[in-house]
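Peer 1: What follows is the residue order along each chain.
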Amino acid sequence: MSDPSLLAVEGLKATYVNAITALDGVGFTLARGEILALLGANGAGKTTTLKALSNLLPAERGQITGGHIRFAGLDVTRTRPADLVRAGLVQVLEGRHCFPSLTVEENLVSGGLGRGATRREIASDLDKVYAHFPRLTEKRRILSGLTSGGEQQMTAIGRALMSRPRLLVLDEPSMGLAPIVVQDICRTLRRLNREEGLSILVAEQNAAVALRFAHRAIVLENGVTVLSGTASDLKARDDIKAFYLGHKAPGPSTSVASSPPAFAG
Amino acid sequence: MEGFDGLFFLEVLVGGLLSGVMYSLVAIGFVLIYKTSGVLNFAQGAMLLFAALTFVSLTERGISFPLAFAITFAIMVVLGITIERTVLRPLTNRPPITLFMATLGLSYVIEGAAQLIWGTQVHGLDLGIEDVPFDVSGVFISQFDLFAAAVAATLVAVLSVFFRYTRIGLGFRAVADDPFAALAVGLRLPVIWATVWAAAGLVALVAGLLWGARVGVQFSLSLVVLKALPVLVLGGFDSIPGAIVGGLLIGAAEKLAEVYLGDYFGGGIESWFAYVLALVVLLVRPAGLFGQKRVERV
Ligand SMILES: Nc1ncnc2c1ncn2[C@@H]1O[C@H](COP(=O)(O)OP(=O)(O)OP(=O)(O)O)[C@@H](O)[C@H]1O
Ligand SMILES: [Mg+2]
Numbered sequence: 388m389s390d391p392s393l394l395a396v397e398g399l400k401a402t403y404v405n406a407i408t409a410l411d412g413v414g415f416t417l418a419r420g421e422i423l424a425l426l427g428a429n430g431a432g433k434t435t436t437l438k439a440l441s442n443l444l445p446a447e448r449g450q451i452t453g454g455h456i457r458f459a460g461l462d463v464t465r466t467r468p469a470d471l472v473r474a475g476l477v478q479v480l481e482g483r484h485c486f487p488s489l490t491v492e493e494n495l496v497s498g499g500l501g502r503g504a505t506r507r508e509i510a511s512d513l514d515k516v517y518a519h520f521p522r523l524t525e526k527r528r529i530l531s532g533l534t535s536g537g538e539q540q541m542t543a544i545g546r547a548l549m550s551r552p553r554l555l556v557l558d559e560p561s562m563g564l565a566p567i568v569v570q571d572i573c574r575t576l577r578r579l580n581r582e583e584g585l586s587i588l589v590a591e592q593n594a595a596v597a598l599r600f601a602h603r604a605i606v607l608e609n610g611v612t613v614l615s616g617t618a619s620d621l622k623a624r625d626d627i628k629a630f631y632l633g634h635k636a637p638g639p640s641t642s643v644a645s646s647p648p649a650f651a652g
Numbered sequence: 026m027e028g029f030d031g032l033f034f035l036e037v038l039v040g041g042l043l044s045g046v047m048y049s050l051v052a053i054g055f056v057l058i059y060k061t062s063g064v065l066n067f068a069q070g071a072m073l074l075f076a077a078l079t080f081v082s083l084t085e086r087g088i089s090f091p092l093a094f095a096i097t098f099a100i101m102v103v104l105g106i107t108i109e110r111t112v113l114r115p116l117t118n119r120p121p122i123t124l125f126m127a128t129l130g131l132s133y134v135i136e137g138a139a140q141l142i143w144g145t146q147v148h149g150l151d152l153g154i155e156d157v158p159f160d161v162s163g164v165f166i167s168q169f170d171l172f173a174a175a176v177a178a179t180l181v182a183v184l185s186v187f188f189r190y191t192r193i194g195l196g197f198r199a200v201a202d203d204p205f206a207a208l209a210v211g212l213r214l215p216v217i218w219a220t221v222w223a224a225a226g227l228v229a230l231v232a233g234l235l236w237g238a239r240v241g242v243q244f245s246l247s248l249v250v251l252k253a254l255p256v257l258v259l260g261g262f263d264s265i266p267g268a269i270v271g272g273l274l275i276g277a278a279e280k281l282a283e284v285y286l287g288d289y290f291g292g293g294i295e296s297w298f299a300y301v302l303a304l305v306v307l308l309v310r311p312a313g314l315f316g317q318k319r320v321e322r323v
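One line per chain: the protein sequences are V and U, in this order.
Read in order, the letters of the first sequence correspond to residues 388 to 652 in my numbering.
Read in order, the letters of the second sequence correspond to residues 26 to 323 in my numbering.
It should be emphasised that the hints constitute simulated quantities derived from the structure, not laboratory data.
Please note that the accuracy of each hint is not assured.
Here's a subset of chain V near chain U, in silico, CB distances under 7 Å, partners left out [as the list claims (entries may be wrong)]:
| # | residue |
| --- | --- |
| 1 | Val404 |
| 2 | Ala446 |
| 3 | Gln478 |
| 4 | Phe486 |
| 5 | Pro487 |
| 6 | Ser488 |
| 7 | Leu489 |
| 8 | Glu493 |
| 9 | Gly498 |
Here a beta-carbon is modelled for each residue, glycine too, at the ideal position from N, C-alpha and C.
Could you put the whole structure together from the sequences, leaning on the hints where they help?
Peer 2: As structure tokens, this is what we get:
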């Protein structure tokens, strides 16, 4: 396998409940060690794309109707979510999704269990996560449902790191967080990328944050990839500026196969 | 009521609480499965009957109690795993009502199978504990009730320790909290489901033996699930402490109502009082007394 890309998505189409078209031709590749940002307005299809990557769409009554996703030689749509995690594709879901009635540490441990790690590996990985996110150390015995939004995001990322990912997928990690917390998290992720070669795919509405953080970016509109380029190129473009400064109104977000154009924005 | 007899009241109360433990036990079987699959497992009663019937039939063939218990438990585990494989897994991502219908069908299959394998006659079950009252400083307590309560308490303690301190237990609590996140984290949901069904099978076995010793092992045994419903309504479908407290409350309320209000209604209150109580709670607190108390910051 001489394919240099870790992840390759090609002509991806997806629907929900066999009726609502959410993706209508998404394609991109991600090289090993790369940080790629996935930009787009509300309803552009970012979350749907990321769920497709972890083969989580069936659990949300979504279907992939066309295209391919390959991760490290695996055909993603034929691989169970748990096996994708073991292969190193780990996702931090939109809205964090910590287990609220588990302690912060139990949340982290659950990530290790997902990988099938031994007790010793879990212990050493916990130390690493606490080193990356010192704020979690003092909260380890607190129920995660009682911690702040930033702490929950760190818990969710820490939980994903416990699975020893090769590709970390993050869905709007900045959502609802103070800029300083976002900065903190970005710095940690970039260090992981630099020092451990962790590849990262991050979906963001906040293009300003994402383009500062990523090497390269692609832009989704109505479930279609419309642009791609290096972060510095995209930063210079007027339409992207307009987009992330909020001048451009996002178009209707989905094409609805049957009738009403609901679900927009 | 001429003159309130405190000692007598206490006796009724204790008797009620102890019989309530048996309701709790049945209810816990429901809660375990509800928490992980979001489905009210209608087959819990059939599993209870199946377990009790298997156990008696084995002992009647001369197998010792501990061995019969072990064999029956093993069968319940296999049953649980089979159910997970053949019924639940193909139905994942279907609406809860589909799953409920599936368990409804399942309960008939299990009952039918029990009938086919073990026959339809009523079996007596003697656990060697006599149902004689004994005197604790003036209050008469049934020895059997006390035994049943101790067994139930032990079972609950064992399950609590299991779910708190083991990997599978952590997985169980994670799935109960957020199944989608559990899937994304890579937890092996089938393993967790199978374990939970096995645990529910164990609960069914213990409850089946205690109830069977009390009322005989027969097909009406599967109807004790109907007694669990008001307990679940009271305690919440997703709370094990709720199931315990709910069972105790129902047990006590039922007995007290029978003794103190029975005369006004011409007796027989015990058979319906629990449902009225549940209905009242349902009106006031639809989630039950303990249900769905999510951990959330305010
Ligand atoms: N579970 C679902 N059932 C039906 N339609 C859905 C579902 N999830 C998303 N959609 C639709 O699919 C389209 C793409 O949604 P998606 O969540 O992928 O967008 P997004 O880019 O992540 O948006 P946001 O920035 O708001 O998170 C939207 O029009 C949305 O209404
Ligand atoms: Mg989204």
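Peer 1: It remains to establish, for every hint, whether it holds in the given structure.
Peer 2: Now for the hints, and whether the structure bears them out:
no. : hint   : verdict
1   : Val404 : violated (11 Å)
2   : Ala446 : holds (6 Å)
3   : Gln478 : holds (5 Å)
4   : Phe486 : holds (4 Å)
5   : Pro487 : holds (4 Å)
6   : Ser488 : holds (5 Å)
7   : Leu489 : holds (6 Å)
8   : Glu493 : holds (6 Å)
9   : Gly498 : holds (6 Å)
The structure fails hint 1 only (numbered hints given earlier).
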